[in-house]
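Engineer: Spelled out, the chains give:
Protein chains: 2
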Amino acid sequence: MTSIGYLGPKGTFTKLAVDATFNGEHKEAFKTIPECIDAVDKGEIDIGVVPLENAIEGTVQLTVDYLIHQVRIPVVGEIVVPIQQHLLVRSDIVQKESDIEEVHSHSHAIAQCHQYLHQNLHNAKIAFTSSTGKAAEIVSNSDQPIAAIGNRAAASEYGLEIMKENIHDYPNNHTRFLVLSHQPEKVKIKSEAKGDKTTLLITLPSDQAGALHQILSAFAWRKLNLSKIESRPTKTGLGNYFFIIDVNQAYDDVLLPGVKAELEALGCQVTILGSYSVYDIL
Amino acid sequence: MTSIGYLGPKGTFTKLAVDATFNGEHKEAFKTIPECIDAVDKGEIDIGVVPLENAIEGTVQLTVDYLIHQVRIPVVGEIVVPIQQHLLVRSDIVQKESDIEEVHSHSHAIAQCHQYLHQNLHNAKIAFTSSTGKAAEIVSNSDQPIAAIGNRAAASEYGLEIMKENIHDYPNNHTRFLVLSHQPEKVKIKSEAKGDKTTLLITLPSDQAGALHQILSAFAWRKLNLSKIESRPTKTGLGNYFFIIDVNQAYDDVLLPGVKAELEALGCQVTILGSYSVYDIL
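Chain order of the listed sequences is A and B. Per full-length UniProt numbering, residue 1 is the first one in the first sequence, and the count goes up by one each step. Per full-length UniProt numbering, residue 1 is the first one in the second sequence, and the count goes up by one each step.
Think of the hints as simulated: they come from the structure by calculation, not from any bench. Any given hint could be a false lead.
Intra- or inter-copy, both count: the list cannot distinguish identical chains.
[Claimed, not checked] Below are the DSSO-like pairs computed for lysine-lysine, each with C-alpha atoms no more than 30 Å apart in a straight line:
1) K228 - K188
2) K125 - K42
3) K125 - K10
4) K96 - K31
5) K10 - K42
Given the structure is predicted, the values throughout are model-derived calculations rather than measurements.
With the hints as extra help, turn the sequences into a complete structure.
Structural biologist: Structure below.
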């Protein structure tokens with residue numbers, strides 16, 4: 001049976017992404033992003049799902065750094081999940097908002113609901129947990145009038161009631177997850193792909209003014225649409241950067257190989273992190 | 001007396017940055033990034049210090065989003081702190097590494113020391129905390145053979161011994177902090193500035209191929225050196241982006257106003273988030 005590893009614990013956004021995308025496979029929670037990626041690399045699991053961008057439980061830096069510096073596993077898919085935070089309670093203990101004396105959650109989730117908490121639960125104490133799933137677990141095990149902030153998966157995992165839906169301050173917040181595997185034939189995603197994407201890592205030959213502009217020329221005159229560009233330190237010291245660039249199409253036979261060849265001729269190092277399909281979870 | 005707010009609790013990297021940069025002021029810990037920024041905006045504190053990049057206890061997204069969407073406070077300085085993680089113990093309980101049965105820390109700190117933990121503390125249980133400071137507090141209050149991963153400030157704050165120094169996997173990891181204030185005259189930083197920087201937010205008029213290339217032309221032909229570029233969704237929906245660009249010089253009278261005028265003529269929205277000095281903490 002195909003096995004899927006994800007960043008745990010249960011009831012987190014990564015688990016929600018995995019459940020919405022895959023069916024029937026064996027699913028295993030990992031404690032950290034590196035542990036999950038290592039397990040894919042060593043073949044202990046077939047597929048790994050890790051957060052890439054705008055995540056609650058992890059940071060893009062950690063995932064990107066690990067994929068660049070430690071292991072090279074192809075990205076075979078991307079899952080986009082809207083961030084929806086709900087107020088979760090035990091309905092046998094809390095009947096109305098004003099009953100709530102304490103709110104538990106991950107600090108980023110607390111921050112995402114800053115306006116709501118300020119306006120509606122101004123007197124409640126805030127308690128930080130290591131994940132939104134952990135917060136739901138604490139509430140489910142307590143007979144005190146407390147609440148958790150978390151997603152729908154956390155509510156059903158720990159038998160909590162959603163007292164108030166969508167309490168996050170910004171409606172258009174998304175988390176991107178990468179699907180990693182050395183065996184792309186085992187990746188069977190139940191929803192339909194929304195489009196394709198290619199992610200490139202480009203290291204400049206020197207830290208000179210205008211170098212990035214020159215690099216982007218190779219994409220611009222081919223009318224290749226970029227959906228993301230980000231500079232990151234190379235970790236060999238401050239002042240040296242590489243770029244992560246997402247192009248809105250699959251790696252083709254002509255245009256993207258042409259970009260790669262030109263940039264390499266200019267002295268850049270170019271790595272294709274993956275060419276993959278994008279899946280939206282609604 | 002000048003008051004400084006920072007992202008708490010005690011013993012975190014933000015506190016370390018504040019202590020290394022400021023002298024004698026009244027210092028106040030805040031629970032979340034938005035709370036700290038709000039307090040500066042309302043004048044409850046004079047200066048706020050919040051993580052911007054590569055942070056353990058916060059994410060760039062949260063800080064940037066809040067500064068763009070909720071409040072507009074000038075950035076008056078940047079503090080760069082190397083991330084150095086140490087193994088912290090109570091020396092009356094733990095004498096050698098092999099005594100340690102459990103390691104407590106924030107999940108990002110655990111992940112940053114992934115290789116070290118794998119090689120040296122393979123059998124120790126991992127326990128996640130809401131911050132590196134919290135982990136140090138737990139270890140200081142326990143009579144069990146446990147350890148925390150955290151920085152020097154956490155060790156001295158909670159009276160712990162540094163059993164092993166620099167256990168992080170990558171030596172060149174830094175955290176950037178922004179100093180925010182409506183009263184720049186109150187910001188007195190004890191170390192000497194390393195250089196100047198200007199941060200701009202640029203929103204494109206439309207999501208077209210090559211638009212970013214056109215924007216960078218305005219910087220490139222003036223030979224303005226960019227130290228960072230990052231695209232971010234505008235939150236008005238997927239597919240719309242703005243760019244955060246750091247230029248390695250102060251906002252001057254000719255070159256940067258020229259860039260701004262040209263980009264605005266092209267239909268871009270340009271906001272100067274700040275022009276400020278950069279301070280390195282060693």
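Engineer: Now look at each hint and say whether the structure bears it out.
Structural biologist: So, going through the hints one by one against the coordinates:
no., hint, result
1, K228 - K188, "within (26 Å within a copy, 37 Å between copies)"
2, K125 - K42, "between (44 Å within a copy, 22 Å between copies)"
3, K125 - K10, "both (25 Å within a copy, 19 Å between copies)"
4, K96 - K31, "between (34 Å within a copy, 25 Å between copies)"
5, K10 - K42, "within (23 Å within a copy, 39 Å between copies)"
Of the numbered hints stated above, none is contradicted by the structure.
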